[in-house]
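Colleague: Chain B: place on chain A using the hints.
These protein sequence lines map, in sequence, to chains A and B. Each residue of the first sequence is one higher than the one before, counting from 1 in the numbering used here. Each residue of the second sequence is one higher than the one before, counting from 1001 in the numbering used here.
Keep in mind the hints are simulated off the structure, nothing from the lab. Take these hints with a grain of salt, some might be off.
As a list, the in silico BS3-like pairs of lysine-lysine whose alpha-carbon atoms are at most 30 angstroms apart [what the hints assert, rightly or not]: (1) B:1042 x A:61; (2) B:1057 x B:1078; (3) B:1057 x B:1042; (4) A:112 x A:49; (5) A:68 x B:1083; (6) B:1042 x B:1078; (7) A:61 x A:112; (8) B:1042 x A:108; (9) B:1042 x A:49; (10) B:1083 x B:1057; (11) A:61 x A:49; (12) B:1083 x A:49; (13) A:49 x A:68; (14) A:49 x B:1057; (15) B:1042 x B:1083; (16) A:108 x A:61; (17) A:112 x B:1042; (18) B:1042 x A:68; (19) A:108 x A:49.
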Amino acid sequence: AQSVTQPDIHITVSEGASLELRCNYSYGATPYLFWYVQSPGQGLQLLLKYFSGDTLVQGIKGFEAEFKRSQSSFNLRKPSVHWSDAAEYFCAVGAYNFNKFYFGSGTKLNVKP
Amino acid sequence: EPEVTQTPSHQVTQMGQEVILRCVPISNHLYFYWYRQILGQKVEFLVSFYNNEISEKSEIFDDQFSVERPDGSNFTLKIRSTKLEDSAMYFCASSARRGGETQYFGPGTRLLVL
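In isolation and in its complexed conformation, chain A is listed as follows (with noise of 0.2 angstroms):
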């Protein structure tokens, strides 16, 4: 069966470090991956996605993500990191045939001064 795992429920970095965000999936064929982040309050916004061709996407805000597919990983990374990003960060999957997509339990960062 289909699963995203986000093995770090929570993290907390210094402002200006850097950032890597786990996530592992469970999929028989190519999937496609997103990463949404959820302020406080707010709903799920995209932060990137991929489909195919080159393994390391750009997102907004600076994240950027890399699948690799012999690790069944897409972690989420950003070189350095700002008080706003604190946040929860959310993985998910679908994939061609799908119509739904399914989620990890997600990661809360908190950004330390």
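Modeller: This is chain B only, laid out in the frame that chain A set:
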């Protein structure tokens, strides 16, 4: 930039009451979805809708739930007789195409059943 909107943002209801959650998807999108997120848990798929009918539904989407597109712009989720365990954030989403196409989410409706 077009966005999905949802009303109300918060709803409090008594157990056993009916609630209708409303969504206005992005105007040129054809596929519509409802998801829910119980506090502290994953975002879970409820139902997808296309061409005025349900395309797929999850086990959660039982006979107490229904969806409708009453006009050209609104997409609604009705819970006929709410239970305590229906308390959650409900997200509406829409996409231009099916099959893993990017889904754009609304801000959610926080439902509290007392």
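Colleague: All the hints need checking, so say for each whether the structure fits it.
Modeller: Hints and how they fare:
1. Only pairs whose Cα atoms come within 30 angstroms are accepted, and residue 1042 of chain B paired with residue 61 of chain A is accepted, the gap being roughly 24 angstroms.
2. Between residue 1057 of chain B and residue 1078 of chain B the alpha-carbon distance is near 14 angstroms, which keeps this suggested pair within the 30 angstroms criterion.
3. Taken as a hint, the residue 1057 of chain B and residue 1042 of chain B pair is honoured in the structure, with Cα atoms around 17 angstroms apart against an allowance of 30 angstroms.
4. Between residue 112 of chain A and residue 49 of chain A the alpha-carbon distance is near 28 angstroms, which keeps this suggested pair within the 30 angstroms criterion.
5. This hinted pair does not check out: residue 68 of chain A and residue 1083 of chain B have alpha carbons roughly 42 angstroms apart, beyond 30 angstroms.
6. Simply put, residue 1042 of chain B and residue 1078 of chain B have alpha-carbon atoms about 21 angstroms apart, close enough for the 30 angstroms limit, and the pair holds.
7. In summary, the hint linking residue 61 of chain A to residue 112 of chain A is supported, as the alpha carbons are separated by about 18 angstroms, within the 30 angstroms threshold.
8. Our distance criterion of 30 angstroms between C-alpha atoms is met by residue 1042 of chain B and residue 108 of chain A, whose separation comes to about 13 angstroms.
9. Proposed proximity of residue 1042 of chain B and residue 49 of chain A is supported: the alpha carbons are some 19 angstroms apart, at most 30 angstroms.
10. With a C-alpha separation of about 19 angstroms, the suggested pair residue 1083 of chain B and residue 1057 of chain B falls inside the 30 angstroms cut-off, and the hint holds.
11. For the suggested pair residue 61 of chain A and residue 49 of chain A, the alpha carbons sit about 14 angstroms apart, so the restraint of at most 30 angstroms is met.
12. Using a Cα cut-off of 30 angstroms, the hinted pair residue 1083 of chain B and residue 49 of chain A is violated, with the two alpha carbons roughly 36 angstroms apart.
13. For the given pair, residue 49 of chain A sits about 14 angstroms from residue 68 of chain A by alpha-carbon distance, which is consistent with the 30 angstroms threshold.
14. Between residue 49 of chain A and residue 1057 of chain B the alpha-carbon distance is near 24 angstroms, which keeps this suggested pair within the 30 angstroms criterion.
15. The suggested pairing of residue 1042 of chain B with residue 1083 of chain B holds, with an alpha-carbon distance near 19 angstroms, which does not exceed 30 angstroms.
16. For a cut-off of 30 angstroms, the pair hint linking residue 108 of chain A to residue 61 of chain A stands: about 17 angstroms separates their Cα positions.
17. About 26 angstroms separates the Cα atoms of residue 112 of chain A and residue 1042 of chain B, which keeps this hinted pair within 30 angstroms; it holds.
18. Note on residue 1042 of chain B and residue 68 of chain A: the hinted pairing holds, with a Cα-Cα distance of about 23 angstroms set against a maximum of 30 angstroms.
19. About 20 angstroms separates the Cα atoms of residue 108 of chain A and residue 49 of chain A, which keeps this hinted pair within 30 angstroms; it holds.
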